[in-house]
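Number of protein chains: 2
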Amino acid sequence: MKMLINVPESVVADALRGMAAAHPELTVDVENRVVVRGDAPVADKVGLVSGGGSGHEPLHGGFVGPGMLDAACPGEVFTSPVPDQMARAAAAVDSGQGVLFVVKNYTGDVLNFDMAAELAEDEGVQVAKVLVDDDVAVTDSLYTAGRRGTGATLFVEKIAGAAAQEGAPLERVEALARQVNESSRSFGVALAACTTPAKGSATFDLPPGELELGVGIHGEPGRERRPMMTSAEIADFAVDAVLADLGGAGPVLALVNGMGGTPLLELYGFAAEVHRVLRERGVPVARTLVGNYVTSLDMAGCSVTLCRADEELLRLWDAPVRTAALRWGM
Amino acid sequence: MKMLINVPESVVADALRGMAAAHPELTVDVENRVVVRGDAPVADKVGLVSGGGSGHEPLHGGFVGPGMLDAACPGEVFTSPVPDQMARAAAAVDSGQGVLFVVKNYTGDVLNFDMAAELAEDEGVQVAKVLVDDDVAVTDSLYTAGRRGTGATLFVEKIAGAAAQEGAPLERVEALARQVNESSRSFGVALAACTTPAKGSATFDLPPGELELGVGIHGEPGRERRPMMTSAEIADFAVDAVLADLGGAGPVLALVNGMGGTPLLELYGFAAEVHRVLRERGVPVARTLVGNYVTSLDMAGCSVTLCRADEELLRLWDAPVRTAALRWGM
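Chains as they are written, first to last, in the UniProt record's numbering: chain C, 1 to 330; chain D, 1 to 330.
Don't take each hint at face value.
It does not matter which identical chain is used: a pair holds within one copy or between any two.
Said to hold, decoys possible - Lysine to aspartate or glutamate pairs mimicking DMTMM-like chemistry, simulated, CA-CA at most 25 Å apart: (1) Lys2 / Asp205; (2) Lys199 / Glu233; (3) Lys129 / Glu224; (4) Lys129 / Asp310; (5) Lys199 / Glu280; (6) Lys2 / Glu233; (7) Lys2 / Glu224; (8) Lys199 / Glu210; (9) Lys129 / Asp140; (10) Lys129 / Asp29.
By construction, these hints were calculated from the structure, which means they are not laboratory data.
Could you put together the complete structure from these sequences and hints?
This is the structure in structure tokens:
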């Protein structure tokens with residue numbers, strides 16, 4: 001498999017150099033692997049820090065900026081960042097109002113963010129943590145005890161980020177992040193495996209003519225393999241899997257997400273089918289975001305994330321944001 | 001090759017249904033294949049209309065909205081739209097101030113937009129046309145007499161769109177669009193071919209271990225094939241090819257564009273190399289946009305577009321825009 005890289009060992013550092021070049025409004029510490037909003041720490045504002053393995057871009061570095069994250073810590077491809085990165089990020093963004101860690105539920109991330117919280121607290125930074133675990137496909141998996149964290153991370157970071165930007169205190173920002181996670185569920189599908197730079201070939205075998213229902217964002221196994229399905233059939237399966245586990249009532253925020261290798265033309269066709277299923281199930285859709293946001297390198301496939309959103313969550317979703325990958329209102 | 005589709009025949013209509021569902025601020029005529037900003041015609045504003053074959057998303061439908069295009073006309077995959085589509089679009093967006101057609105230089109598009117201009121003028125709409133032909137890779141090619149139109153289309157549509165939004169008259173909007181095209185050059189590289197829904201397999205053969213330098217956005221042959229190169233070597237080749245043909249002096253707007261199948265992690269690493277080459281050549285970079293904007297379905301690869309931008313072009317580039325794929329300031 002050919003890749004647009006120099007050597008596999010430098011892909012993360014090279015990408016960070018590119019972020020620094022393309023986004024002068026960010027402070028990118030390439031050596032220590034921390035991406036920080038350029039004006040951090042912002043006075044009297046709670047800091048939001050996230051991070052995780054690389055390979056899911058634009059998550060998380062593409063979500064750093066006013067109205068969303070204050071800092072992101074990229075690990076190696078599909079590998080947790082180390083505690084020192086998050087502790088550095090916390091120190092860089094803390095204005096005295098405390099810092100919220102947004103942690104996707106993978107064992108390595110959870111352990112390392114726990115350790116980072118201790119390091120940061122030793123330095124006098126108040127830290128709260130929210131675990132994102134929205135993937136209904138499987139409980140316990142490769143890399144994870146409990147449900148995996150996937151697309152809802154974007155909703156948590158946007159909505160908690162908007163609250164922090166407005167000056168909400170740490171307990172409120174944390175409570176909102178928790179509410180968004182608890183109100184969100186996801187389901188993913190792979191049509192073709194991804195290729196990591198280090199391996200240089202497909203990370204798992206997916207026979208021609210089959211798809212993986214419930215795949216994780218590192219290609220972890222899902223619920224089952226089936227003969228290839230149409231976009232409409234996939235939407236039926238994925239949306240029903242999400243709704244079966246999603247409590248509450250009322251309108252949803254919908255993320256129709258590409259895994260990285262599926263063209264936008266196909267994603268929009270899939271979005272039409274997702275809307276059709278939701279209409280048939282009587283679920284109103286308040287907002288829809290379509291695109292490659294929580295990816296797995298070049299994996300072909302998609303995921304659906306739904307979040308039951310009350311008026312306050314929608315207001316915070318609509319609030320201005322200025323990051324590399326999500327931007328509106330400023 | 002597996003795809004996230006229903007049947008190949010309906011991919012364009014399905015995607016338009018998805019755009020309509022996800023973007024209620026647009027008016028999407030699925031049957032006639034015209035995407036129009038929901039508040040068109042905007043009083044006293046020149047209308048901007050573009051279009052072309054599908055498979056290059058988000059171009060052009062993703063660029064419809066305040067500050068950019070008023071309407072887009074998608075053809076079948078890699079196939080020109082028909083004159084009736086552009087004529088309908090012109091009628092839908094004309095406020096009496098006239099309409100500018102932004103046409104990528106492919107023989108089918110040129111002929112059909114010419115015919116559409118006649119149809120529109122018969123209905124009393126004043127039409128001007130600007131041809132985009134920025135690709136320095138080859139002169140005359142599959143589908144094209146002269147240079148192909150590629151990444152500069154985004155610059156033309158954004159900058160001319162901003163001028164139109166500010167109320168500039170048709171001659172001024174046309175002159176700006178022409179200036180942006182004449183100030184822009186592009187060069188593209190393919191690492192792997194794309195797959196059209198109708199064919200279901202790779203549209204051209206690219207042997208393992210080789211890349212195509214100067215590829216077109218439909219996989220048209222470029223200048224040469226070479227053994228696989230590093231990201232740094234590709235940046236050297238592509239940027240030098242662009243600079244060799246780009247007149248003028250001063251800062252540039254840079255688009256580091258993915259062809260669709262290359263992960264953002266790799267594109268950012270490539271952006272770092274593009275910036276390095278420009279620094280070595282003494283070319284200051286005023287703005288950089290990194291992402292999948294002018295694509296070829298799932299083709300792996302990238303392109304570089306540079307535009308010599310004076311203060312006025314930069315001001316119009318920075319002006320507020322609200323479309324599905326480019327959005328800031330509103």
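Hint-by-hint comparison with the structure:
no., hint, verdict
1, Lys2 / Asp205, "both (18 Å within a copy, 14 Å between copies)"
2, Lys199 / Glu233, "between (33 Å within a copy, 22 Å between copies)"
3, Lys129 / Glu224, "neither (33 Å within a copy, 53 Å between copies)"
4, Lys129 / Asp310, "within (23 Å within a copy, 47 Å between copies)"
5, Lys199 / Glu280, "neither (43 Å within a copy, 33 Å between copies)"
6, Lys2 / Glu233, "between (32 Å within a copy, 14 Å between copies)"
7, Lys2 / Glu224, "between (29 Å within a copy, 17 Å between copies)"
8, Lys199 / Glu210, "both (23 Å within a copy, 19 Å between copies)"
9, Lys129 / Asp140, "within (21 Å within a copy, 58 Å between copies)"
10, Lys129 / Asp29, "within (23 Å within a copy, 46 Å between copies)"
The structure fails to meet hints 3, 5 from the earlier list, while all remaining hints are met.
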